[in-house]
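**Q** Once you've looked at the hints, dock chain S against the given chain C.
Residue numbers (the numbering used here), protein chains in the order written: chain C, 301 to 636; chain S, 301 to 636.
Take the hints with a grain of salt, since some may be wrong.
To be verified - Partial pick of chain S residues on the chain C-facing surface, computed with a CB cut under 7 Å: (1) Pro453; (2) Glu603; (3) Ala618.
Read the hints as simulated data drawn from the structure, not as lab findings. In this text, all values refer to a predicted model and were calculated from it rather than measured experimentally. Just so it is clear, CB atoms sit at the ideal spot from N, CA and C, and this is done for glycine as well.
There are 2 protein chains.
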Amino acid sequence: MVNLALIGMGLVGSQVLKIIEKNLQKYKDQYNIDFNFTAIFEYDGALISDAGISVSEVLGSHNFRDLDYWKPGVQAIEAIPDTKADIIIDATPVNPDTGEPALSHILKALKSKKHVVTSNKGPFYLAYENIKEIAEKNGVSFGFESTVGSAVPCLGIRDSLAGNKIKKIVGVLNGTSNYILNRMTSEGISFNLALQEAQENGYAETDPTLDIEGYDAAGKLVILANHLLGWNKTIKDVKISGITKVNEDMISLAKKSHMEIKHLAVAKDGELEVSLKLIPENSALALGGTLNGVYLDTELAGEIIITGRGAGGSEAAAGIISDVINISRRYLLADT
Amino acid sequence: MVNLALIGMGLVGSQVLKIIEKNLQKYKDQYNIDFNFTAIFEYDGALISDAGISVSEVLGSHNFRDLDYWKPGVQAIEAIPDTKADIIIDATPVNPDTGEPALSHILKALKSKKHVVTSNKGPFYLAYENIKEIAEKNGVSFGFESTVGSAVPCLGIRDSLAGNKIKKIVGVLNGTSNYILNRMTSEGISFNLALQEAQENGYAETDPTLDIEGYDAAGKLVILANHLLGWNKTIKDVKISGITKVNEDMISLAKKSHMEIKHLAVAKDGELEVSLKLIPENSALALGGTLNGVYLDTELAGEIIITGRGAGGSEAAAGIISDVINISRRYLLADT
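Next up, chain C with everything else stripped away, as it sits in the complex (with noise of 0.2 Å):
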């Protein structure tokens, strides 16, 4: 049995529950693990039972503050360290220049010697090495491959080139942005018009700030740099430059030289970056959509290139629960 605990039932922490339950059997017969939730953690108060909460009763109620398991007021803060749960999934709504609340969640999970799997990027471009420094005193691990490229395995793969070595990083990490230089592209529109279309179709926020000016795509550079490259970078040592300065007539002069204009995050000797750049229309970073992409350039092998939708709900749900079978795995099952 591993129990878990999930912080948070927004479109990520939903999908979760629903993803889990409607696989448990699934799981029990593939890895040979019983998943129970023995608490969820809203803001003003949680679902608890350490005998195990019944997730499809969860959601199918109406409303969950209705049923018996429902202590109103209970903070995950500060229940953290008295859960039954061996796993913590943080998929709170986070502040980013803080990573609040999710960095205090993850902190206070580890020195409560629980693992803690996230889909949150805050608390890894701010704080990656305190959060590395404490699982390791504490014996616990930690799982963010959703933090980069949802379910797309940009931060798996390190263990499968551990006999390479990583030269280089370029991606294409944030789908909005892309979205907008790929319609500007095709259909010759501005840059308003573009991001209009993008809001309209559930591409961009309300408030694009983060996505347009290169910050989302920069927190995600940092993670890539520090896990891939083994750096020890924040979002500060980032050289970050946004897109809404480009026009039609850039889109228009690049398309006549065969070139198209990306948003590219670079990770190079020593130095990260996040920046328009001109690029070959027929090359492997001219993503499509929304779509996101990590080019690696390595020593042994040249470039190894994964790509794949870079957001969603249940695409990030499925980063999550891969970190949440691995960590059940590696460290709560015996030999599997």
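**A** The following block gives chain S in isolation, referenced to the frame of chain C:
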């Protein structure tokens, strides 16, 4: 200390030696692993030293058969159980129909409770289930990352996708065939001319049958399907057709519709097939040159695609060494 034995000093084997020798200090610093070769087998004898072979001496020697370590006539298949090695690396030339001698080396090593790493795919498209069973029974493991896509971690990504479900695999798995089709497309030349060019550039063997008739791609497809989808297939289960019948008219017709003719390996609904297919010219698998790529259609995150160089001595060696490092960290070292 992790003791290694290498069987076969051809292109891949000698790269394994060179790269490990060059990076000994890095493996020590980064993973706390001291590698030590206790045996290096060739077809007519072996270098053997329980204390450890000086790899630099072997690589620097005019003829390694003159070294004191050299024991003429010693055969790997007989010596495996008694070598001091923890991990056996098989890099022998293999008969594609029987998987030998690699298959026997692998089984003998596993039965002797030694871990195995190889870039030879024959054993895995012929006898994956048997290898897996014998490894489990003896409490040891096998690494075969470089059997598909060399250092491109097509197999290693499995764990990172544990919380997702792969529904379909489509691969461009043979660099020679891909090169020939690409040259026919870009230059409008005939199949025979493109093949001749591939041979002159070292991208095709003197006897290219295994590549252009699809047998090589079919073997890799079996490995992907068994490992990533949990199937239990052999190469006999693959419907295989080659690329030899492609002519300039077909290529030209495809181009007019902005399509490309590709040799695709597909695993879907329990069926395995390697055959020619038309795909849009801007598709992610419209890969240039000799590149390989694997497209995974996943339940929770749509398409995930990984591409890179699928062949080469240092590429295969990088895959082998990644496996050796991961097996060392997981099974042979105290908690790291």
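**Q** Take the hints in turn and mark each one as holding or not.
**A** Right, here's what the structure says about each hint:
A least Cβ separation of about 3 Å between Pro453/S and chain C falls short of the 7 Å threshold, and the interface hint therefore holds. With a least beta-carbon distance of about 6 Å to chain C, the hint placing Glu603/S at the interface is held under the 7 Å criterion. Below 7 Å, beta-carbon pairs count as interface contacts, and Ala618/S has one with chain C at about 4 Å; its hint therefore holds.
Comparing the model with each numbered hint stated earlier shows that all of them hold.
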